[in-house]
Amino acid sequence: MRRDVFQAIADPKRRAIIALIAVQAMTPNAIAENFNTSRQSISKHLKILSECDLVKQEQQGREIHYSLKIEKLQEVDAWIEQYRQIWESRFDQLDNVLSNLKKDKK
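Counting from 292, one number per residue, gives the positions in the sequence shown under the numbering used here.
No lab work stands behind these hints: they were computed from the structure. Among these hints, one or two may not hold up.
What the hints assert, rightly or not - Simulated restraints on C-beta separations:
(1) 307 to 369: 21 to 27 Å
(2) 354 to 380: 20 to 26 Å
(3) 383 to 326: 38 to 44 Å
(4) 321 to 378: 44 to 50 Å
(5) 365 to 395: 29 to 35 Å
(6) 384 to 349: 45 to 51 Å
(7) 386 to 321: 42 to 48 Å
(8) 341 to 382: 52 to 58 Å
(9) 380 to 294: 30 to 36 Å
(10) 307 to 349: 29 to 35 Å
(11) 314 to 369: 20 to 26 Å
(12) 394 to 294: 51 to 57 Å
To be verified - Taking lysine-lysine and the BS3-like style, the derived pairs with C-alpha atoms no more than 25 Å apart in a straight line are:
(13) 363 to 347
(14) 338 to 360
(15) 335 to 363
(16) 335 to 304
(17) 360 to 396
(18) 394 to 360
(19) 363 to 304
(20) 304 to 396
(21) 360 to 347
(22) 363 to 338
(23) 347 to 335
(24) 393 to 360
We put the CB at the ideal spot given by N, CA and C, even for glycine.
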């Protein structure tokens, strides 16, 4: 099953895993040490992240290290950008209203 990046970031634990592996490549065991959960649970989350093409696996000896494909998060950024523009426009309007109210009080 092919998943999209939004399914990956929908889960708080996967977002936390993304934050960890964004800094450095890690093994599933090293990732699991940061959570109060089993390694199997982490492996399940890593599988979903892999299906979303957000992580890269690299074999180093007997261990597999996972790292983030940061460019895949651009899809999220592009989606959020449309709402960022709307909110910035609304904040600008609010700033104008507040400035006018401040002028009226003087």
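To see whether the hints hold, each was checked on the structure:
{"no.": "1", "hint": "307 to 369: 21 to 27 Å", "result": "23 Å, holds"}
{"no.": "2", "hint": "354 to 380: 20 to 26 Å", "result": "49 Å, violated"}
{"no.": "3", "hint": "383 to 326: 38 to 44 Å", "result": "41 Å, holds"}
{"no.": "4", "hint": "321 to 378: 44 to 50 Å", "result": "37 Å, violated"}
{"no.": "5", "hint": "365 to 395: 29 to 35 Å", "result": "44 Å, violated"}
{"no.": "6", "hint": "384 to 349: 45 to 51 Å", "result": "49 Å, holds"}
{"no.": "7", "hint": "386 to 321: 42 to 48 Å", "result": "46 Å, holds"}
{"no.": "8", "hint": "341 to 382: 52 to 58 Å", "result": "38 Å, violated"}
{"no.": "9", "hint": "380 to 294: 30 to 36 Å", "result": "33 Å, holds"}
{"no.": "10", "hint": "307 to 349: 29 to 35 Å", "result": "21 Å, violated"}
{"no.": "11", "hint": "314 to 369: 20 to 26 Å", "result": "23 Å, holds"}
{"no.": "12", "hint": "394 to 294: 51 to 57 Å", "result": "53 Å, holds"}
{"no.": "13", "hint": "363 to 347", "result": "11 Å, holds"}
{"no.": "14", "hint": "338 to 360", "result": "14 Å, holds"}
{"no.": "15", "hint": "335 to 363", "result": "20 Å, holds"}
{"no.": "16", "hint": "335 to 304", "result": "11 Å, holds"}
{"no.": "17", "hint": "360 to 396", "result": "53 Å, violated"}
{"no.": "18", "hint": "394 to 360", "result": "50 Å, violated"}
{"no.": "19", "hint": "363 to 304", "result": "18 Å, holds"}
{"no.": "20", "hint": "304 to 396", "result": "50 Å, violated"}
{"no.": "21", "hint": "360 to 347", "result": "6 Å, holds"}
{"no.": "22", "hint": "363 to 338", "result": "16 Å, holds"}
{"no.": "23", "hint": "347 to 335", "result": "15 Å, holds"}
{"no.": "24", "hint": "393 to 360", "result": "48 Å, violated"}
Of the numbered hints listed earlier, those contradicted by the structure are 2, 4, 5, 8, 10, 17, 18, 20 and 24.
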